[in-house]
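2 protein chains.
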Amino acid sequence: MTHFIESIGLLAAFLTTTAFFPQVIKTVKTKSTGDLSLPMYTLMFSGTVSWLIYGLLKSDLPITLANAISSLASFVIFYYKIREVRAAKKKLV
Amino acid sequence: MTHFIESIGLLAAFLTTTAFFPQVIKTVKTKSTGDLSLPMYTLMFSGTVSWLIYGLLKSDLPITLANAISSLASFVIFYYKIREVRAAKKKLV
Numbered sequence: 001m002t003h004f005i006e007s008i009g010l011l012a013a014f015l016t017t018t019a020f021f022p023q024v025i026k027t028v029k030t031k032s033t034g035d036l037s038l039p040m041y042t043l044m045f046s047g048t049v050s051w052l053i054y055g056l057l058k059s060d061l062p063i064t065l066a067n068a069i070s071s072l073a074s075f076v077i078f079y080y081k082i083r084e085v086r087a088a089k090k091k092l093v
Numbered sequence: 001m002t003h004f005i006e007s008i009g010l011l012a013a014f015l016t017t018t019a020f021f022p023q024v025i026k027t028v029k030t031k032s033t034g035d036l037s038l039p040m041y042t043l044m045f046s047g048t049v050s051w052l053i054y055g056l057l058k059s060d061l062p063i064t065l066a067n068a069i070s071s072l073a074s075f076v077i078f079y080y081k082i083r084e085v086r087a088a089k090k091k092l093v
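Heads up: the protein sequence lines correspond to chains A and B, in order.
Each residue of the first sequence is one higher than the one before, starting from 1 at the first, in our numbering.
Each residue of the second sequence is one higher than the one before, starting from 1 at the first, in our numbering.
These aren't lab readings, by the way, just hints derived from the structure by calculation.
Be aware that a few hints might be false.
Same chains, same names: a pair is fine if it fits in one copy or spans any two.
[Claimed, not checked] Derived DSS-like pairs: lysine-lysine, alpha-carbon spacing no greater than 30 Å straight-line:
no.: 1; residue 1: LYS81; residue 2: LYS58
no.: 2; residue 1: LYS90; residue 2: LYS58
no.: 3; residue 1: LYS90; residue 2: LYS31
no.: 4; residue 1: LYS89; residue 2: LYS26
no.: 5; residue 1: LYS89; residue 2: LYS31
no.: 6; residue 1: LYS31; residue 2: LYS81
no.: 7; residue 1: LYS58; residue 2: LYS29
no.: 8; residue 1: LYS31; residue 2: LYS91
no.: 9; residue 1: LYS91; residue 2: LYS29
no.: 10; residue 1: LYS58; residue 2: LYS26
no.: 11; residue 1: LYS58; residue 2: LYS89
no.: 12; residue 1: LYS31; residue 2: LYS58
no.: 13; residue 1: LYS58; residue 2: LYS91
Kindly generate the complete structure, drawing on both the sequences and the hints.
See below:
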């Protein structure tokens, strides 16, 4: 049963981690983040970092693995969104 | 220490769960999903459902709580994205 649970966790880790990749690739390519929500990626980045700490403290491999990669991925999207918001503010001035 | 770890988990659950809300609200309001990635939300929805099963099997409250709500939230975004993709296909025919 433990192996089965671990497998479900690793599947979940694989799915939600790879979920970020198409958005990361799309955002890096197009540099267009107009339809993306800034609060979402602010919360997502700080959230995945918190999950990473939780995973490490609980010695939970799927949680730790998933959130180490997701933190990096959500940071990249967050970075491009911030860049666009700053560029838009400069245009207004 | 257990209470501390549980608190970190609940904080993480709160952050990544609320992360979906601004995007859900934005998507429901604008119905514009052009900059959103379809593979992302397909993977995110199936991933959060897998995490939900993992959380239930491990009796992990933060994981279960976070992914019950995130599954619902990512499904809403996924639904609007699918709707736009279908509408775009119809226009091409």
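Violated hints - listed by number, lowest first: Hints 1, 2, 7, 10, 11, 12, 13 not satisfied by this model.
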